[in-house]
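For this one, chain A is given, so just place chain B on it according to the hints.
So the chains spell out like this:
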Amino acid sequence: MRPGSGRPLRVVIADNDPDALDLLDLDLDLEGHDVVGRGRNGQEAIDLCRELNPDVLVVDLRMPPGPNGLVVVEELRDHPGLHMVVYTNYRDAKLSARAERLGATYLLKGDLRTLRTVIDKITAG
Amino acid sequence: MTIPAQADRHRRDRAVLAAAVAAVLITSALIVFTVLKAERDGTQALERLQQSQVEQLARSMNTRIETTFVTFAKFIQPLQLTAKVNDPGDKAQLKLFDDLLKNARTGFYVVDKQAHLSNGALLKNGITLGTVVNRPGLDGVLAGKPAILSVAPGLTTALPTVGYAFPITRGNVVVGAFVFEADVSPQADFSAEVAQLKAGKTGDFSFVDAAGVVVASSDTTLLGKKLNDKIISARNGFHRYGDRVGVVEPVPAAQWRAVFRQDSSEFDGALTGPLKSALVLIVLAGTLAAGVGVVFLARRLRAAREEQRRLQEVSAVREEFISIVSHELRTPVAGLLGFLQTTLDHWEGMADDERRRAIGRSLSSARRLHALTRDVLDTGSMEAGGLSYSFSTTDLRDEVGSAVLATQDVMPDRTIRLNLPDDPTWVSCDRERITQVLTNLLDNAIKSAPGSPLDVTVATRNGSAVVSVADQGPGMNEAELARVFDKFVRGRTSTPAGTGLGLYICKQIVNAHGGDITATSTEGRGATVSFTLPLVAAPVESAQV
Numbered sequence: 000m001r002p003g004s005g006r007p008l009r010v011v012i013a014d015n016d017p018d019a020l021d022l023l024d025l026d027l028d029l030e031g032h033d034v035v036g037r038g039r040n041g042q043e044a045i046d047l048c049r050e051l052n053p054d055v056l057v058v059d060l061r062m063p064p065g066p067n068g069l070v071v072v073e074e075l076r077d078h079p080g081l082h083m084v085v086y087t088n089y090r091d092a093k094l095s096a097r098a099e100r101l102g103a104t105y106l107l108k109g110d111l112r113t114l115r116t117v118i119d120k121i122t123a124g
Numbered sequence: 000m001t002i003p004a005q006a007d008r009h010r011r012d013r014a015v016l017a018a019a020v021a022a023v024l025i026t027s028a029l030i031v032f033t034v035l036k037a038e039r040d041g042t043q044a045l046e047r048l049q050q051s052q053v054e055q056l057a058r059s060m061n062t063r064i065e066t067t068f069v070t071f072a073k074f075i076q077p078l079q080l081t082a083k084v085n086d087p088g089d090k091a092q093l094k095l096f097d098d099l100l101k102n103a104r105t106g107f108y109v110v111d112k113q114a115h116l117s118n119g120a121l122l123k124n125g126i127t128l129g130t131v132v133n134r135p136g137l138d139g140v141l142a143g144k145p146a147i148l149s150v151a152p153g154l155t156t157a158l159p160t161v162g163y164a165f166p167i168t169r170g171n172v173v174v175g176a177f178v179f180e181a182d183v184s185p186q187a188d189f190s191a192e193v194a195q196l197k198a199g200k201t202g203d204f205s206f207v208d209a210a211g212v213v214v215a216s217s218d219t220t221l222l223g224k225k226l227n228d229k230i231i232s233a234r235n236g237f238h239r240y241g242d243r244v245g246v247v248e249p250v251p252a253a254q255w256r257a258v259f260r261q262d263s264s265e266f267d268g269a270l271t272g273p274l275k276s277a278l279v280l281i282v283l284a285g286t287l288a289a290g291v292g293v294v295f296l297a298r299r300l301r302a303a304r305e306e307q308r309r310l311q312e313v314s315a316v317r318e319e320f321i322s323i324v325s326h327e328l329r330t331p332v333a334g335l336l337g338f339l340q341t342t343l344d345h346w347e348g349m350a351d352d353e354r355r356r357a358i359g360r361s362l363s364s365a366r367r368l369h370a371l372t373r374d375v376l377d378t379g380s381m382e383a384g385g386l387s388y389s390f391s392t393t394d395l396r397d398e399v400g401s402a403v404l405a406t407q408d409v410m411p412d413r414t415i416r417l418n419l420p421d422d423p424t425w426v427s428c429d430r431e432r433i434t435q436v437l438t439n440l441l442d443n444a445i446k447s448a449p450g451s452p453l454d455v456t457v458a459t460r461n462g463s464a465v466v467s468v469a470d471q472g473p474g475m476n477e478a479e480l481a482r483v484f485d486k487f488v489r490g491r492t493s494t495p496a497g498t499g500l501g502l503y504i505c506k507q508i509v510n511a512h513g514g515d516i517t518a519t520s521t522e523g524r525g526a527t528v529s530f531t532l533p534l535v536a537a538p539v540e541s542a543q544v
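One line per chain: the protein sequences are A and B, in this order.
Numbering that gives the first Met the number 0 applies: residue 0 is where the first sequence begins, and numbers increase by one.
Numbering that gives the first Met the number 0 applies: residue 0 is where the second sequence begins, and numbers increase by one.
It should be emphasised that the hints constitute simulated quantities derived from the structure, not laboratory data.
A few of these clues could be false.
[Said to hold, decoys possible] Using C-beta positions, here's what the derived DEER-type ranges look like:
hint, chain 1, residue 1, chain 2, residue 2, range
1, B, Arg13, A, Pro17, 23 to 31 Å
2, B, Val15, A, Asp110, 54 to 62 Å
3, B, Ile321, A, Arg76, 38 to 46 Å
4, A, Arg49, B, Trp346, 35 to 43 Å
5, B, Asn510, A, Arg76, 45 to 53 Å
6, B, Pro411, A, Arg49, 46 to 54 Å
[As the list claims (entries may be wrong)] If you want a taste of the chain B side facing chain A, the calculated C-beta under 7 Å gives, among others:
hint, residue
7, Thr330
8, Ala350
9, Ala383
10, Ser387
11, Pro473
Glycine included, each C-beta is placed from N, C-alpha and C at the ideal position.
Just chain A, with the same shape it has in the complex (with noise of 0.2 Å):
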């Protein structure tokens, strides 16, 4: 039994900090859905998606070396069946408009609650 009101989803995160990956693991799963893959980088992050074709992919936007979070979501923006979510300690407005231009959601850290609103959305869908 999941606490969310939609359908399970097939999630894939990516996060270059290990504790920010559990986290997300961690509440995922209680929240019912599925985390397929955790991905250490971007090229990981579109390497899972790409090959695992997840409902979800939350991630990080800062994860050097390689492609950043908003690289990621241009890559795979015409991914079939992708929401995405910009899942960051970055306040700025540029980088969140660009996020969402690329039909992506930006989202900062620190309220798990928001990022769960923004998924049961996606499941509502």
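Frame of chain A, contents of chain B only:
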């Protein structure tokens, strides 16, 4: 924004330098032009002066000759000479000149219309009356025109002579000529005067007759000789020819010419030598001063540009630091809040060990947050005047062992090999601060070398304790190594996190203990950071045990 501004400044700097160089060149050119003009004007003035001197000399000589002519004419005109050979009447009249000839070196003679020697005074031995006198120019006098005869052997002296010659007339008919000889020798009156006109070492003044023979000269060796110099054939005035200068001016009364000659180097040297020396000095001094000025200006510009670049760099680093710190602080905050929130929101759905692990991760994030804030606050304290330390004698093995254990506790899956000496390693230190150093070095190694085992070693060398933390990660290149202990520098470019303050703080703390900290690395083959602390004697209670 920075790059166009720098380009503008560089363009401005180059323009200032170019203007300085142009000003120096223009000034130098003006100096050279002025000095050369002064030299040219001076030389022309000198030439005019020299010509004027020779002109005056020639004019003076001309006047003297004319006066001499007039004087002789006054004596001769009243005489009623027949000019016949050995005429007693003539002889009686010519006795008038006896007084004039006292102490004289030369005499006079009379010739008839056919140039037969008819009379004379102070004639040389062997000269007989009635012989024909072949003196150049005499025929002109016999034609009725007074003249100064060119230099030729005399009849009244063994020396070369010039002759003042006047026609003798009866009625309007020329019946003969009267010739007064003057020797051409250093003892002659005007020769003695001209001899005083010496000019420098190479200059001479001379009078030459119509045939080019020297009748008077400041160089007495030339007297009576043909002047073998092409200046003789030059028109009147100042001339430069070869390496000589010369002035020629006419003495019309005698058909003579006054000639001045000198080496041009000596003639010009009197004026242009000092000018040239001054020019060389001015140009040298100007060039030196300009060079020094340009170098000084260039250095100032370079220093200013360097300072500007440094300030921009500092500013950029500070901006990046603020960005990094704010990001780095948010990361553990997000972890701390996230794990707590997840645990609270899913309390019922989580097993006990899951809750414990989540709370543990929250604690880990809180520690990370604590360490970061401490780094930032310590840096602020260091900049405000330094941290305070509380020193005590400590066995360094205990501190290193504790720090490794604490790290191992948080990162149980990492291999940390600890190498400690058997004997105590006594140092005087602030235990809390040394633990901070060790924790920083271990954290750095763990973050920089994911998955790599770490080797932590304590040893003693040359009176110091040496602690080293070595990893087998990607290491650092030379540029990274050179700046690894600088503030705000995140030493290894691949490191995902960090404020760039850790190693800076470590260095400040180790230095405050009288130790040193160094980093060595071979790129791709790991890095080792070592620090030293001075060894001290064992504490009394420990020594007693």
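How the hints compare with the structure:
Judged by the Cβ atoms, the range 23 to 31 Å given for B:Arg13 and A:Pro17 is violated: they are separated by roughly 53 Å. At about 57 Å, the CB distance of B:Val15 to A:Asp110 agrees with the hint of 54 to 62 Å. The supplied range of 38 to 46 Å is broken by B:Ile321 and A:Arg76, whose beta-carbon atoms lie about 32 Å from each other. In this structure the supplied range 35 to 43 Å holds for A:Arg49 paired with B:Trp346, their Cβ-Cβ distance being about 37 Å.
Between B:Asn510 and A:Arg76, the C-beta spacing of about 52 Å keeps the proposed range 45 to 53 Å intact. Here the CB-CB span from B:Pro411 to A:Arg49 is close to 34 Å, at odds with the stated 46 to 54 Å. Of the supplied interface hints, the one on B:Thr330 holds, with its beta-carbon coming within about 6 Å of a beta-carbon of chain A, less than 7 Å. Nearest Cβ of chain A to the Cβ of B:Ala350: about 11 Å, over the 7 Å cut. The hint is violated.
Interface hint status for B:Ala383: violated, as the beta-carbon distance to the closest one in chain A is roughly 28 Å, over 7 Å. Evaluation of the B:Ser387 hint against chain A yields a violated restraint, the C-beta minimum of about 33 Å exceeding 7 Å. This hint is violated: B:Pro473 has a C-beta 10 Å from the nearest C-beta of chain A, more than the 7 Å allowed.
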